[in-house]
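S.K.: Each chain, written out:
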Amino acid sequence: MSILKNIAAKALVPVGLTVTGFVIVCSILLYSFVKQDMENDTIRREIQLADIIVKSTRYTMLKDDRESLRHTIQNIGEQEGVEHVRIFNKKGLIMFSAHPEEVNQIVDKESAGCIECHDGSEPATHLGEMEKARHFENNQGKEVLAITAPIYNEPSCFTGSCHVHTPEDKLLGTLDIGLSQEPLNASLNTLRNRLIVFCLMVMVLTVGGVSALLRRNVLMPVKQLVVFAEQLSEGKFDISAPEGTEELENLAKTFRHMARDRHESHQDLDRLQKQLEALSAEIRERESNQHGDKA
Amino acid sequence: MHRHRESAENSDIAPAKTREQGLERIRKLQSLSQRGLWGLAIFLGISMVALPQAEVLPTIPRNVREMLGAAPPTNLISIALVVYSFSALVLILSRIGSGNGSYRGWSHLGYLTAFYAFYYYAEALDSNFWAIFAAGFTILSLEHYHIWTFCREHIHKEKEHLKQLARKEAFFSSTEQK
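So the sequence lines, in the order shown, correspond to chains A and B.
With my numbering applied, the first sequence covers 28 to 322.
With my numbering applied, the second sequence covers 219 to 396.
Simulated from the structure, these hints should not be mistaken for laboratory data.
Computed from a predicted model, the values in this text were never measured in an experiment.
Where is the CB? At the ideal position from N, CA and C, for every residue including glycine.
Mixed in with the good hints there might be a few duds.
[Said to hold, decoys possible] Residues from chain A that face chain B, not an exhaustive set, calculated with beta carbons under 10 Å: (1) Ala35; (2) Ala36; (3) Lys37; (4) Val40; (5) Val42; (6) Thr45; (7) Gly48; (8) Ile51; (9) Val52; (10) Ser54; (11) Ile55; (12) Tyr58; (13) Phe60; (14) Leu240; (15) Asn244.
Pulled out of the complex, with its shape left as it was, chain B reads as follows (with noise of 0.2 Å):
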C-alpha cells in the first residue's frame, strides 16, 4: 500500500502532463486528418480556373509563345498523365499497406496544375480536362482516405491510452482515501 502510494504521489505530476501531451497529440491528428479536405478544396479551385467553359485563363501572346518555343504533343503529354496516375496511385496504395502516416498531397496539386498548364498551352484543354480532374480527384481523395484512416486510428488509441490512464488515477486516488 505504501509503495503504491509513492507511486501515486510521485505520478501526480506525470499523469496530467501525460494527458496533456495525449490530448495535443489528438488535437494534432485531428488537425493533420483535415488536411486531405484542403487539398481536395484546392483542388477544386485550380479546376474551376481552369475549365474551358469559365474562360478564365488569358490567352497566350505570340511573343511568350516564340519564347517559350512548340508545345510538347498532346499524345505526349496524355502518356505522362496516364504514367503519373499509375505511379502516383500505386505510391498512395503501398503506403497505405505500409501505415505510413505522411500526407503527400500538396506535391499532386503542383504536378496537376503542371499538366493543366501543358495542356492549356498545346491548346488541348478542352478534350482533356476532365481526363485531369479524374485523375486528380482520384489521387487527392485517396491521399485524403489515407490519412483520414490513419489519423482516425492513432486518436483512437490515444483515448483509449488517456482511459487507462483516468483508471489509473481513479485507482490510486481510491487508495489513498483508504
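Chain A extracted, bound-state conformation (with noise of 0.2 Å):
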C-alpha cells in the first residue's frame, strides 16, 4: 500500500504544486495589471471632472461673482463621494472651499499635492496626467484620491475689469478636488475575491482530476494484480487476470506463466527427490544384505 501511495505522491504533489503556483502567479499579476489599469482610468475620469468644475465656474470668476462661485463649491462637495474640494489662489491661500473652516488658510508648498509642481527653483506650470493625482487617507480614515488641476491665465482674464492680473502670470490658482475610493476598493475586492476562488476551483480541478485518473488507471490495477499475484503464489491457477491496460494485461499473464512454471519446477522437484530417497533407501539395503552374505 506505500508503493501505491508514493506512486500517488509523485504524480499529484509535482502537478498539484506546479499549476497550483502557477495560477496563482498569474491571477496575482492579473490583479495587478487589472488594478493599476483601473486606478489610471479612475484618475483620468477625475482629471476631467476637475476640468469641468473649472470650465464650469469659468464665467463666474469672470464676472468675479464669489458668492455664486462659493454656493458651486458648496454644492459640488455636497455630492455623494466627493470628500473635499477647494479653490487656492496661487500664493497658495484657500479662496473657496466645501469646509468653510478651510478658508484663508494656506497650503503648506511642500505638502503632497503642491510638491509635484513646487519641488523645484521655478514652479512648474504643466503636470502629466498621472502625477496631477494623489492618493492618502483623509481624518475620517477614508481613502482618497485628490486631483490638482490648475487654473490658468486666460486674455479674457487679463483684460477684464474685475482682477488684475498681469498676462505675464501663467497661473491664476488651483482647484483640489478629492474624491473617495471606496467605489474602486469595493470593485478590486470583488475581483479579488473572484480571482482567489478561480484559484482554488483550479487546484481542487487538477488535484481530483489527476488523482481520478490515477486511481482508474494505475492505482486499482495495480492492486487487483497485487492480489491476483498472491493467489497465484497460493496456487490458484485458475482465477481469471485483472483486466486494465495492455501493459497490466501482459503484465498479469507473465505473472501466471511465471507462477505455474515454478509450480511445475516445484513439483519435478519433489519427484525427483522421492526417486533419489528410494534409491539411496535401495543402496542402504543392499549393501546391509552384502555385509549379512561375508558374515
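Both chains are sitting in their own frames, so use the hints and assemble them into the complex.
M.R.: Right, dumping it as C-alpha cells:
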C-alpha cells in the first residue's frame, strides 16, 4: 500500500504544486494589471471632472461673482463621494472650500498635491496626467484620490475689468478635488475574491482530476495485480487475470506463466527428491544384505 | 567450499571498504536532500527583507537613479516574471521526468532577488511582491521536492545494497566456521 501511496504522491505533488503555483502567480499579476488600469481610468475621469468644474466656474470667476462660486463649490462638496473641493490662489491661500473652516488658510507648498509643481526653484506650470493625482487617507480614515487642476490665465482674464492679472501670470490658482476611493476598492475586492475562488477551483480540478485518473488507470489495476499475484503464489491458477491497460494484462499473463512454471518445477523437484530417497534406501538395503552374506 | 573460502578471504577487505563507501554516499545524499530546505529558508529571508511593510530597504537616492536611468515598465517586468516562472517550472518537471539529480535552486534565488530589485527600482514592489513570492515559493518547493525524492530513492537503493552485502558477509562467515 505504501508503494501505491508513493506512486500517487509522485504524480500528484509535482503536478498540483506546478499548476496551482503558476495559476496563483498569473492571478496576482492579472489583479495587479487590472488594478493599475482601473486606477489610471479613475484618475483620468477625475481629471476630466476637475476640468469640467474649472470650465463651469470660469464665467463666474470672470464676473467676479464670489457668492455664486462659493455656492457652486459648496454644492459640489455635498455630492456623494466628494471628500473635499477647494480653490486656492497662486499664493496657496484657500479662497473657496466646501469646508468653510478651511477658507483663508495657507497650504504648505511641500505638502502632497503642491510639491509636484513646487519641488524645483521655479514652479512648474504643467504636469503629466498621473502626476496631478495623489492618494492619501483623510482624517475620517477614508481613502481619497485627489486631483490638482490648475486654473490658467487666459486673455479674457487679464483683459477683464474685475481682477488685476498681468499677462505674465501663467497660473491664477488651483482647484483641488478629492473623491472617495471606496467604490473602486469595493470593485477591486470583488475582483480579488473572484480570482481567489478561481485559483481554488483550478487547484481542486487539477488535484481531483489527476487523482481520479490515477486511481482509475494505475492504482486500482496495480492493487488487483497484487491480489492476483498473491493468489497465484498460493497455487490458485484458475482465477481470471485483472483487466486494464495492455501493459497490465501482459504483466498478469507473465505472472501466471511464471507461477505455473515455478509450480511445475517444484513438483518435478519433489518427484526427483522422492526417487533419490527411494534409490538411497535401495542402495543402503543392498549394502546391508551384502554385509550380512559376507558375515 | 575452498573456492568460497578464498573469495571470502579476498572479499574481507572489499566488503568493509564497500560498506564505508556506501555509508559515505548515503551521508552525501542526506546532505543533498537538505539543500532544498536551505534554498527555501534563504528565499524566505530575502522576501522578509523585500516585504514592503517591513520598510527595511533604503530609498534609492536621486543621483543613483540618474546614473542608472529610468526603470523598465512594470508591465514588462511582470511579463518577464510569468515567462521565467513558466520556463523554470517546465525545466524542473523535465529534470524530474529524466531522473536528473542536480539541484538548481541557487540560480533561482539570484533571479528572484533580481525581480525584487527591478520592481523595487520601478516603485512597484507594493503591488507585485506577492507575485514574486508565489513564483519563488512554487519553484523552490518543486526543486526541494525533486531533490528530496531523488535522494530518498537513492538512499533506499544504497541501504538495499548494504543489506545484501551484510547477507553475503554472514553467509561467508558461516561457511568459514563450517
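S.K.: Determine for every hint whether it applies to the structure shown.
M.R.: Quick rundown of the hints versus the structure:
1. Interface hint status for Ala35 of chain A: violated, as the beta-carbon distance to the closest one in chain B is roughly 13 Å, over 10 Å.
2. The interface hint given for Ala36 of chain A holds, since its Cβ lies 9 Å from the closest Cβ of chain B, which is under the 10 Å cut-off.
3. For Lys37 of chain A, the suggested interface contact is upheld, since its CB lies about 7 Å from the closest CB of chain B, less than 10 Å.
4. The interface hint given for Val40 of chain A is met, as the beta carbon of that residue sits about 6 Å from the closest beta carbon of chain B, less than 10 Å.
5. The interface hint given for Val42 of chain A holds, since its Cβ lies 8 Å from the closest Cβ of chain B, which is under the 10 Å cut-off.
6. This hint holds: Thr45 of chain A has a C-beta 5 Å from the nearest C-beta of chain B, less than the 10 Å allowed.
7. With a least beta-carbon distance of about 3 Å to chain B, the hint placing Gly48 of chain A at the interface is held under the 10 Å criterion.
8. Of the supplied interface hints, the one on Ile51 of chain A holds, with its beta-carbon coming within about 5 Å of a beta-carbon of chain B, less than 10 Å.
9. Given hint, Val52 of chain A at the interface with chain B, holds; its Cβ is 5 Å from that chain's nearest Cβ, closer than 10 Å.
10. This hint holds: Ser54 of chain A has a C-beta 9 Å from the nearest C-beta of chain B, less than the 10 Å allowed.
11. With its C-beta approaching chain B no nearer than about 4 Å, Ile55 of chain A sits inside the 10 Å limit, and its interface hint holds.
12. Among the interface hints, the one on Tyr58 of chain A holds; its C-beta lies about 9 Å from the nearest C-beta in chain B, closer than the 10 Å criterion.
13. The interface hint given for Phe60 of chain A is met, as the beta carbon of that residue sits about 7 Å from the closest beta carbon of chain B, less than 10 Å.
14. Against a cut-off of 10 Å between C-beta atoms, the interface hint on Leu240 of chain A is violated, since the closest Cβ of chain B lies about 17 Å away.
15. For Asn244 of chain A, the interface hint is violated, since its Cβ never comes within 10 Å of a Cβ in chain B; the closest pair sits about 18 Å apart.
Taken one by one, the earlier hints fail for this structure at numbers 1, 14 and 15, listed in ascending order.
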